[in-house]
Each structure stands twice: as structure tokens, then as C-alpha cells.
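**Student:** Given the coordinates of chain A, work out where chain B with the ligand should sit on it, guided by the hints.
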Amino acid sequence: MNPADSPPALEPRTVEEVVEAVRSCPQVVPVGGGTKSAATTGVAGFAPLRLGGLAGILEYDPAEYTFTALAGTPLRAVAAELARHGQYLPFDPPFGAAGATLGGTVATGVSGPGRQRYGGVRDFILGLRFVSGLGELVRGGGKVVKNAAGFDLPKLMVGSLGRLGVMVELTFKVFPEPRAYATLRADLPSLDAALIAIGRLNGSPFDLEGLELDPAGTLWLRLGGAAGTFDDRLDQLERHLGASGQRFTGEGEGAFWSGRVPLATDASRDLLVKVPVTLAAIPGLDAALAAAGATRQYGAGAHVAWVGWPRPAEELDRLLQTHGLAGMVLTGPAVQPLLGRVRGEGFRRRIKAALDPAGRFPSF
Amino acid sequence: MSSPSTFLAALARVFPANRLLDSEAGLAPFESDGLTAFSTKPLAVVIPETRDEVIAAVRLCHAHAIPFVARGSGTSLSGGSVPIAGGLVIALNRLNRILRLDPAQRIAVVEPGTINTAVSRAAARHRLYYAPDPSSQQICTIGGNVGFNAGGAHCLKYGMTSNHVLGLTVVLPDGEVVEMGGESLENVGPDLTGLYVGHEGLFGVVLEITLRLLPMPECYRTLLAAYDRVEDAGEAVARVVAAGLLPGAMEIMDRLAIEAAEAAVHCGYPADANAILIVELEGEQRGVAADFERLKELINASGAREVRVARDNDERLLFWKGRKSAFSAVGRLSPDFLVQDGVVPRGKLGVALREIEALSRERGIRVANVFHAGDGNLHPLILYNGREPGALERAEAMAGDILRLCLRLGGSITGEHGVGLEKRTYMTDMFTPVDLEVMHRIHRALDPLELSNRGKMFPDGAAPALHRHGAHPLERAGIISRE
Ligand SMILES: Cc1cc2nc3c(=O)[nH]c(=O)nc-3n(C[C@H](O)[C@H](O)[C@H](O)COP(=O)(O)OP(=O)(O)OC[C@H]3O[C@@H](n4cnc5c(N)ncnc54)[C@H](O)[C@@H]3O)c2cc1C
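Protein chains in written order, with our numbering: chain A, 1 to 364; chain B, 365 to 847.
Just chain A, same shape as in the assembly (with noise of 0.2 Å):
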């Protein structure tokens, strides 16, 4: 796209100027950190409204484990502030380095490894206020960690790629992080091996933190918990698995985790893309997705694949339709996010019709 075919980009810094730039300007769309590109990219006409200026924790109570943030507050910041009460946001929001913030990472609904264990952004996200298409200050959910009143628009909103509104403030969940960890990294000898030891762990009663999966054949496991307990639950893990490992316990164990997610890809050339999976499914999708030369990793109890493209966004279209799955683009050449079979277009084009009438947010 040339930017010229853009307005000029907003930076409003109050709740009160996010609604008032929807109000006024024809064609908005909502831009966090940038560590997403794709969502805001191919978007011809949207002035992008920059939400950076939107940033600051405004409550937390380690007791309650839960905050409340504006929507442009950078992961970092939260984290930082969580960690010096023993807490975090257990799915493990990536692109936290990149300068990622939480309204981003709930527009694109993107977890990293935690997320296996007790549920992704999804199941961690409470309560919220955004601005509709119709410039509408909108509350649901709440601030408590059970509420069942009134629709769940905070849940709606995961994944909603800024077409349905703007997030200005977020309300989450968090718990206490383990004291410790350790992983352990064993190499099976092949992929399907390592499906079939995933198989396996998942009727196992062991409370993996991480469970991540290489084409090769790789795993990488994570416990947590007291420090002294690590080697009876290795011992065990590894007895289960039929494999010996290497260990990382200490100060350089969470090199891996941290860096783990995204994918490094080159985004002037390649997509990055985020494809649900399961385990039937990834055997077929990896043979194709290794036949077009594209990379791949595996995450969340091989639950998501991250996919490093590098042909025409439309190949990967088909490619994901055949498989029967689909994709969302994160990064790289600009195109429309969602590709392959999303499920649901009927329910969500009526959603589109209700919070955002005017087309005031890019369409899906």
C-alpha cells in the first residue's frame, strides 16, 4: 500500500479523544504497539489511530489477581509491575520485547507457551471498555474473577482484529507464578513420535507450564513449582516418556521460553501466521507446509502452529482450506489477515452489522 493512500494517524491520549477521533474521522483503524503489522497494514483509506499515547495501569491489587490497564499499555510495563508481586499473566503474551501492548494482544488473540496450562488470553481477560463503530463508550464484563451479568464482550473481542471497536481499557486475571521451573528437552526421533508422546502426556496427571513441539521431532517440556521437587518430576516425566533429556534448571532456563515465541521470520518477504491445530491435524499440514519451504513451530500442547510463509499469501489460503484450517497473518507483506476456513462468517458478519454499522473499522 502507499501511504499516501493514508489520512494521517491520530494519537489520541485520553479515553475522551479515542472517542472523539471515531466520532470524527470517516474510517479509523486502531494500531497498539505495530508488533502485529498485518491486522493494520492492509488497510487502504483507515487512519491509523495510534493507542500508545493510551498507556498506565489503574488499579491493581495483587490480593484480587487482577489490574486494570488502558488498552496501549505495553506488556513489559505490566509484567515488570506484576512481577514485583510474584504474579503474571500466565498464557505468556508474546512480542512483550517488541513493545506489544495488551490492547494488541487481545485484538489478535495471541498467547505463547503458558498457555497451555491454565488457557490463553481468552481465559484471562475480565472486563473491558471500548468504542464502538458508532463512537459508543461501551463497558461488559467486569472487574472481579467470576461475574456471569450481561453478554461476554470482553471474550468477543479476542481476536477481533480492531474491526469491531477500540479497546481503551482492559481488565485481566493473573495468578501467583511459580517459584521455580525446569525443562526438560527431549529429542524423539521423529514428528510423529512426538505427537504421539503429546497424546500420551495429555491423559498423564503431570502440570506441564510449556509444552512445545519442533518439526523434528523436538519437545520441550516445563514444570513448575518448588525448586526442590524438579528431580523426582523429571525422573518421572522422562520414565514416562521413554526418553532421557537434557535438563535447565537455574538462571538461564527461561532463555528458551522466553525467546520462543514469535517465529523469527524475514517480515519484508514472509508471512507470519498464527493456525489453530490439533494433533490430528498437524501431520498432514506439516508435510504440505514443509513441501512449500515454509517454517514451522509448534505451541500450547501443539495446539497453534506458527508458520513462516514465504510464497503468496493466497497459496497458504488454499493450502490451510484444503487442510480444513485457518490462519491469521501477523506479520509481513501486507493482505486481509484471515485466511482458510474460518468457521462462523454468518454469526460474525451480524456481530460486524451490530457494533460497528457504518464501517467506521475495516472489514473482516
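Source of the hints: derived by calculation from the structure; they are not laboratory data. Do not take every clue at face value.
[To be verified] Have a look at the derived ranges for each label pair, beta carbon to beta carbon: (1) 259/A - 808/B: 13 to 23 Å; (2) 728/B - 363/A: 33 to 43 Å; (3) 808/B - 232/A: 56 to 66 Å; (4) 670/B - 232/A: 29 to 39 Å; (5) 25/A - 481/B: 52 to 62 Å; (6) 808/B - 59/A: 51 to 61 Å; (7) 427/B - 266/A: 47 to 57 Å; (8) 80/A - 796/B: 29 to 39 Å.
[Said to hold, decoys possible] To give a feel for the contact side, a few chain A residues facing chain B, derived at Cβ under 10 Å: (9) 26; (10) 65; (11) 199; (12) 224; (13) 344.
We put the beta carbon where it would ideally sit given N, CA and C, even for glycine.
**Tutor:** Same frame as chain A, but now just chain B with the ligand:
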């Protein structure tokens, strides 16, 4: 709207007479739900056996502009499954097949009438279970759980129903069939499944649900502590949390609830305690053992007059037995009661309980408290006698004051029972007119004729309501108890 007889004739072409009820006697069991204070006679009830029959019923309702209510087991505690006058009830109990159970992927695909515990029972041989555990779980359906985003005692750690639903197939109120989500824990695009769970029956009928299963914990460690003051029990909960422990459950009962439970099931709780706290850890043996030592230290230092540690699973189940039966037990103290479901920030539990006690004294209405302390979810039980003129109204007024108290303290009007009919008027205390208008627009986009569970959740819905007296029939039979 076409005439009811044309509509019934059209239904009769889809449903045989034994599954299309419109006689006085046939309709009677469907007039109420778990909140027996409300009741309405529907036009008819259909009992589909296949999803195509459900779709056909919904499409006929749409073609004839007849409102409908999907019904699971009718255990809603907020009037959510009460019929609509002149409307159809679509009773889903016979759609109760577990269509698929995949242990390697830890999922179960079920029909909406599947009973909650049936899922865990089927999963047990793979050492898996379905986590959300409302205390009505032996009879309530997964479809009803999806309707209300049901919770249970283990929400803090594992979340509510919506955190365990991966995919849905639904028929929207105008007859369009939509699939959303899938079998993966992950998703792209707006989380439609997340929006759908907790729709209170307003978004049509769920036909199929993909559930996430969890591995059974390797072990549980449970303790019970008795306190002289409820506030001290609340304070202990705050300490556990502050210490960075993440128990699967933390439950508190007050004096009246303890006495009632003791009388009903002889659970052997410490005599004379004014409050009891149950804390349960679960997970891998080694990890839990280490955490349990810390938990014991904290509780021992929390001013408890007595601390008991469950020695084995039998004793653990005994701790839970009193807790699980507390509400039906309290119900014996009084012919009728209302269960409230407000939520407060955990740190405000003590304040909330003191204020509830003050209200109770001031109004001369007895209140027992049992609550999910770990997530601040109160269940004050307001006792009244429905035969006494004005008693229900006074109990409802008191319930309203408690809900407003919860909001004032920064919480919510419902943690897990839903808004239904009962709490509609309090929606305006929690949400602004704009918030509600936006929810209305979403609702109308999915249901332009407002046929699906018309009149529920939104504050401006028309009220049915005939007051009745007595416990739920299943409750009287001792099959279920309110939590
Ligand atoms: C003794 C007792 C204890 C309880 N304990 C708890 C508890 O601990 N936690 C808790 O959260 N709740 C509890 N409840 C409340 C109740 O059991 C739950 O709300 C439960 O989810 C309702 O399930 P059901 O099958 O009875 O649904 P119903 O009452 O039949 O329906 C509930 C709502 O869901 C809608 N619905 C039902 N099926 C479908 C479908 N297939 N598609 C679309 N909409 C549908 C209905 O229209 C209605 O609005 C308790 C109730 C009782 C009576």
C-alpha cells in the same frame, strides 16, 4: 403472528403426539425452573430427538413468529428457563449423546442435553474429567451450562464453562445453522464461542458442543479450619492468596449453614465454630506436598481455633459433604429461600458479610452464607415463608439490597447463576444505558423478532411471574441441592 392452532398443526407434522405436549397435564412440569417463584404456562412443549427436529422447531417458530425457550433440565436459579406465555418450550433432554471422546486430544463432543457428570463419567476411564462442577451437576445439562456459563467450586484455578467450551454448532433464532470455534484450544478471528457462552438462551439453540477435558489430578490435599469469626476465615483466604498459593477450591460457610449441614448430614464439623474454611490443593504429588506444608503453616497462624487435615479420600469427601449439602440443609430451616449469587472483590468479603448481617438483623430476615471465597462469589441464602403475605417481596427486596451492596463494593450481580428473570432490574445498576443498548443491538442482529427466550436478561422485558411456594420438586426428593 399466525394463529396458535396453525402453528401447532405445523409442529404436529414434525413431532409425533407423544413428543408434542399441549395438554394441561403435559405442560405442568415445564412451567417453572429452579427458581420456583416464577411460573408461566407455555403454548406447547416439543421434545426433539435429533438436531434436525430442533432446527425444524426453531424455523417454524420463526415462520410463525412464536417465541421459544430452549430447556435443559430446568434447574436455572434465576428464572432463565421459565416459559414464555404463548410460546414454545424446546426440551432437549433426549439429545443426550456423547458423540465423540478423544483422549489423546482431550476433547469430548456432546449433544446439548448431555448431563454434566455424564461427561466426566465417560472420560474417567481415560483418567480425564470435565472441570466445571456446578453442584447441580448430576442433573443439569451441558446446554444449560452453556446458556448460563455455569461455574462451581473450582472456578478460580480452572475458570467457568466458557473456559472449557472449544466449539459450538448452533441454530440461530431465524433458523440459520452456524459452527464456531473448533477442536483446537486456539482460534482466529473474534471469539464467537466466547460470546455465545452465557447468552442466557437469547441466541437460539445449541446443537453440539466441543468440550475440553482435563487430566485428573494425581492427588488432592484438603484441610478444614474452624474460626470464631467469619472475618478471620476471610482474612485467612487473603493470606493464602498473598502467599502465592493457587488452591483448586476455597470455600467458607457461616454458623447457620454449618449447623444446618451438621443436622442434615452429620459431617462432624467442629461444634460452635462461627465459620468454617475448606481449602483444597490438587495436582502432582510432589508439587502439592510442598505447597500443602506452606498452606498448613499459614492456616495455623491465621487464628483458627481448630485445623483438620483430611487423612484420606473418605475424610476429604466428608469435608465436602457438609459443604455440598449446605444449601438444601439450610432449606430445612425454612419453607422457602432465595439464593443470591453476587460477587465482591475477595478483599471485601469481610465487609460484605458484616453488611449482610446488619441487613438481616435490621429486617428480621434470617440469612445463611455459603460462598466460593476464592473468587469472592457469595451465596447468601435468604429464608422466608411464602405463605406469609408479603414475605417473598421482603426477601426479594433484601436480595436486591445485597446485589447493590456487591456492586457498591466493585463486584457483580451474578457470578454463575445468570440474570434470567430474577436479576433483570439490577442490570441497570451494573451497566449504563449505552452498554445495554449495544447488547440489545447484538441481540437483535441475531434475533430480529426477539423470539429466543424473549423477556429474559434485559431490564425492559415483560414479566411473567406467579408466585409459588416450596422447594424444587427434585430438591424435595433430595436429588439436588442449591449451591
Ligand atoms: C440445586 C441447584 C444447585 C445449583 N448449583 C449451581 C452451581 O453450583 N453453579 C452454577 O453455576 N449453577 C448452579 N445452579 C444453577 C443451574 O443448575 C445452572 O444454571 C445450570 O447450568 C442449568 O442447567 P439446565 O440444564 O438445568 O438448564 P436450564 O435451566 O434448562 O436452562 C438454563 C438456560 O440455558 C438455556 N438453555 C438450555 N439449554 C440450551 C440449549 N441447548 N441451547 C441454548 N440455550 C439453552 C435456557 O433457555 C436457560 O436460559 C444450581 C441449580 C440448582 C437447582
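**Student:** Next, verify each hint and record whether it holds.
**Tutor:** Here is how each hint holds up against the structure:
1. 259/A - 808/B: 13 to 23 Å: About 47 Å separates the Cβ atoms of residue 259/A and residue 808/B, which means 13 to 23 Å is violated.
2. 728/B - 363/A: 33 to 43 Å: violated, 60 Å
3. 808/B - 232/A: 56 to 66 Å: About 58 Å separates the Cβ atoms of residue 808/B and residue 232/A, which means 56 to 66 Å holds.
4. 670/B - 232/A: 29 to 39 Å: holds, 33 Å
5. 25/A - 481/B: 52 to 62 Å: holds, 53 Å
6. 808/B - 59/A: 51 to 61 Å: Between residue 808/B and residue 59/A, where Cβ atoms are some 34 Å apart, the hint is violated.
7. 427/B - 266/A: 47 to 57 Å: Roughly 56 Å apart at Cβ, these two residues keep to the hinted range, so it holds.
8. 80/A - 796/B: 29 to 39 Å: holds, 33 Å
9. 26: violated, 21 Å
10. 65: Interface hint status for residue 65/A: holds (7 Å vs cutoff 10 Å).
11. 199: At about 3 Å, which falls below the 10 Å cut-off, the nearest Cβ of chain B leaves the hint on residue 199/A intact, so it holds.
12. 224: Constraint on residue 224/A satisfied, holds at 8 Å.
13. 344: Nearest chain B Cβ about 4 Å off; hint holds.
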